[in-house]
Amino acid sequence: MWAERLYASVDGRALSSSCKTAGQLTWGFKVTEEPVYPLPAGTLKPDLVAFKNNSALVLDAQVVGDSVELDSAYTAKIVKYVQLEQAVKVQTGAKKVEFSSITLNSRGVWSPASAEKLLRLGVK
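In case it helps, my numbering puts the sequence shown at residues 6 to 129.
Think of the hints as simulated: they come from the structure by calculation, not from any bench.
Hints are supplied without guarantee of correctness; some may be wrong.
[Unchecked claim] List of simulated lysine-lysine pairs, DSS-like, C-alpha gap at most 27 Å:
no.	residue 1	residue 2
1	Lys35	Lys85
2	Lys100	Lys35
3	Lys50	Lys101
4	Lys85	Lys57
5	Lys101	Lys57
6	Lys50	Lys100
7	Lys85	Lys100
[Claimed, not checked] Here are the in silico distance ranges between beta carbons for each label pair:
no.	residue 1	residue 2	range
8	Lys94	Asp71	29 to 39 Å
9	Pro45	Val114	35 to 45 Å
10	Gly47	Gln96	33 to 43 Å
11	Thr48	Gly70	37 to 47 Å
12	Glu38	Gly127	11 to 21 Å
13	Ser111	Asn59	30 to 40 Å
No residue lacks a Cβ here, since even glycine has one placed at the ideal position from N, Cα and C.
Take these sequences, add in the hints, and give me the full structure.
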């Protein structure tokens, strides 16, 4: 039960249930929650696509088990969504698209690569 609450707190479901956060605290970004991208091999649905100043950020959250190597899980998530670059450019008009993941384990330990990238992007 606690793991489900933790997952919901970093997954798009929590953001969807808090329209105030998604709708009012966008810091000038145009944010699309859980956009659907149909592809020949299946459908991809990142948690957020944020657009501002000709740049877009594709962001997806995940909570993994304690035995999973965090930076590997982070990298796998990036690899999963990088194929959306052209579709995101068309959707948003962005010239540059970046990909990141909020990756942590069920004990709340963050992937160092995830934390570093989000801090570099200005997410605090």
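If you check each hint against the structure, which ones fail? 10, 11
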